[in-house]
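Please model the entire structure based on the sequences and the hints provided.
Line order of the protein sequences matches chains P and C. Start counting the first sequence at 1; every next residue gets the next number (my numbering). Start counting the second sequence at 1; every next residue gets the next number (my numbering).
These are calculated hints, taken from the structure and not from any lab test. Built from N, CA and C at the ideal position, the CB exists for glycine as well. Wrong hints could be hidden among the right ones.
Label pairs and their computed distance ranges (CB to CB) [said to hold, decoys possible]:
#, chain 1, residue 1, chain 2, residue 2, range
1, C, Lys197, P, Arg219, 52 to 62 Å
2, P, Ala238, C, Asp58, 38 to 48 Å
3, C, Val250, P, Ala238, 50 to 60 Å
4, P, Pro23, C, Ile184, 55 to 65 Å
5, C, Ile192, P, Pro186, 51 to 61 Å
6, C, Arg261, P, Lys263, 33 to 43 Å
7, P, Ala238, C, Ile192, 56 to 66 Å
8, C, Glu213, P, Lys50, 24 to 34 Å
9, C, Met126, P, Lys21, 35 to 45 Å
10, C, Ser113, P, Val277, 34 to 44 Å
11, C, Arg346, P, Gly157, 37 to 47 Å
12, P, Asp44, C, Asp205, 18 to 28 Å
13, P, Leu13, C, Asp205, 20 to 30 Å
With a Cα cut of at most 27 Å, we get these calculated DSSO-like pairs of lysine-lysine [what the hints assert, rightly or not]:
#, chain 1, residue 1, chain 2, residue 2
14, P, Lys170, P, Lys263
15, P, Lys279, C, Lys7
16, P, Lys21, C, Lys374
17, P, Lys241, P, Lys251
18, C, Lys7, P, Lys96
19, P, Lys21, C, Lys200
20, C, Lys7, P, Lys20
21, P, Lys50, C, Lys197
22, P, Lys50, C, Lys200
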Amino acid sequence: MATVVKQKSDVVLDYLRPGKKFPSVWCPGCGNGTVMSAIIRAVDKLGYSKDEVVMVSGIGCSSRMPIYLDFSALHTTHGRALAFATGVKFAQPHMKVIVVTGDGDALAIGGNHFIHACRRNIDITAVLINNNIYGMTGGQGSPTTPDAAFSTTTPYGNAEKHFDVCDLAKAAGATYVGRSTVYHAPQLEKQIATALEHRGFALVEAIANCHTYFGRLNRQGDAVAMLNMFKERSVTTAKAKEMTEEELKDKWVIGTLYESTEKSEFCEEYQKLVDRVAKGGR
Amino acid sequence: MAERERKLLQGNQACVVGAIYAGMRFYAGYPITPSTEVAEGCSRELPRIGGRFIQMEDEIGSIAAIIGASVSGKKAMTATSGPGYSLMVENIGYAYMTETPVVIVNVQRGGPSTGLPTKVSQSDTMQARWGTHGDYNAIAVAPSTVADTVVETIRAFNLAERFRTPVTILLDEVIAHSRSMVEIPQEGDFPIVDRIKPTKPAGRDFMPFEVTENFVSPMASYGDGYRFIVTGLTHDQHGFTTNRADETVVKLEKLRNKITRYEEEIYKQEARWTDDADIILVAYGSAARASLQAAQIAREAGVKVGVIQLYTIWPFPEKPLLDLCAKTKKVIVAELNMGQLVHEVRRVLPGDIDVHSVLRYDGEILTPLQVLEKVDEVM
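Put into structure tokens, the structure is as follows:
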């Protein structure tokens, strides 16, 4: 008698939007799929109902994700996902709001909304898929394109400096900040789950491969080669503590980088204000 | 009828009264002269009734937040002035495409650019119609007094909900900052329209952008169990993104037909002394008030002047204007800009009617005397 073994991927299929014609817009081997699976597994493990999850995104490769998933989907304009998500969360605070965004979407055109969502500490989980490049428009430099790296708009190497996404989020007031890579998929999943359960603004930076553009233009090889690079160039927060700044150069520190429960969450704080006003206070 | 409470209100405050009466429970905005009192009023009033107020980081964020709130089931509004409206137009286009009801108040001031922040203007008349890119049909309403502002704000919400579309309220600095005694409406004074909720159960049969008999699809809210897609990309009736030619045409014609086939429901204008008028003045907002006064003075002097005051600017009231001007040979369009509404009036009226303009664009109000001088000139 054959035993049916439930494959780990089955749970992913349960969350794909019925009726959607696949494949996706993502290239074979794209890191976005790994991040999507990690989000699904995190949501599944936490036991959220599909009806209570709203996935909000802007424009770019990663921002196509909500259309593929069986959650409420708000696929918005370039850079504005966090502002739309703020409206959703503030209007329906019981909903679980996940923003999926990219480095260009969140940090260039959407940089202002990014820092203010962090500052407000509104209970939104932002998964920022950082592939260091604009994929959808064909490989242009982004605010996380490393120094001297090549892109179709930095053909002689990038003369600009790049953002450290996690430092920026922490400085702006986010109360959970974590980083992982698509190589470290189980860790990424755990981090997203922690972020989802965190009350306040949570940022997870998912380092991902765009071998089609970034990998090719910077001679980093195919998807597998880039995943191996993520493995080799990542160090845990514990290990990083023992390393010098020089040694940490060109490394990604992965893990929970910052977590705090001291700051009040925006929607809860506003509800307190509403309750106070209802009692005639000011 | 019961005695109504009366309050001394600014136009901007009257807008808040009307919005709350209409059911607005979510406001997101960014300070900008001369609209800021709308935000201040909402920040004070909304918490008292369990509503939500948020000051966003900019106008782009403000319109984004109210769209997010609207798809989450709230009636939502933002208020701004020209520079802020310019920042909002991309996301106003998103609201057209996603058929999301929201109300945007534009308290007009002089432009272009930063222009005249504290001075009156009507130079965003065309922007309210053509502000964002792409093909769409806009709705814009325009009060001319503080009391009107209550009524027109309620109407703006009703139209937004009825047609699932963004609606612009074209206020101007003079109305926004004038103070008048206003009757506060009571329950039952005005009808309140709410978006139609889906009756079909969730599943493949439910199409969030279904082309219904009147082209308007029932609208679920996030959390209702429908898990629908909202996207600014061209989409089919299920909400799935598409670039198929046939599905694109269905979507665009849905956006158009839901408005153009029901324009009679949207038009609102008031005609005074037009039946026997030799000259008819056409105006809206504070320019309409100068026109009314001018017509009254002219009538007292025995000159047959009529006035058509527009409360609906977009869709432009073609048929009503044609009917009301059928017996006249001369029309003067009064407006606080370099001539915007006049293009529509010329487009609509037959060639044998002379259409003239009386304009003011120095930031000052149009005076009845200025209008009378124009009447005298064209007579």
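Does the structure break any of the earlier hints, and which numbers would those be?
6, 11, 16, 18 and 20
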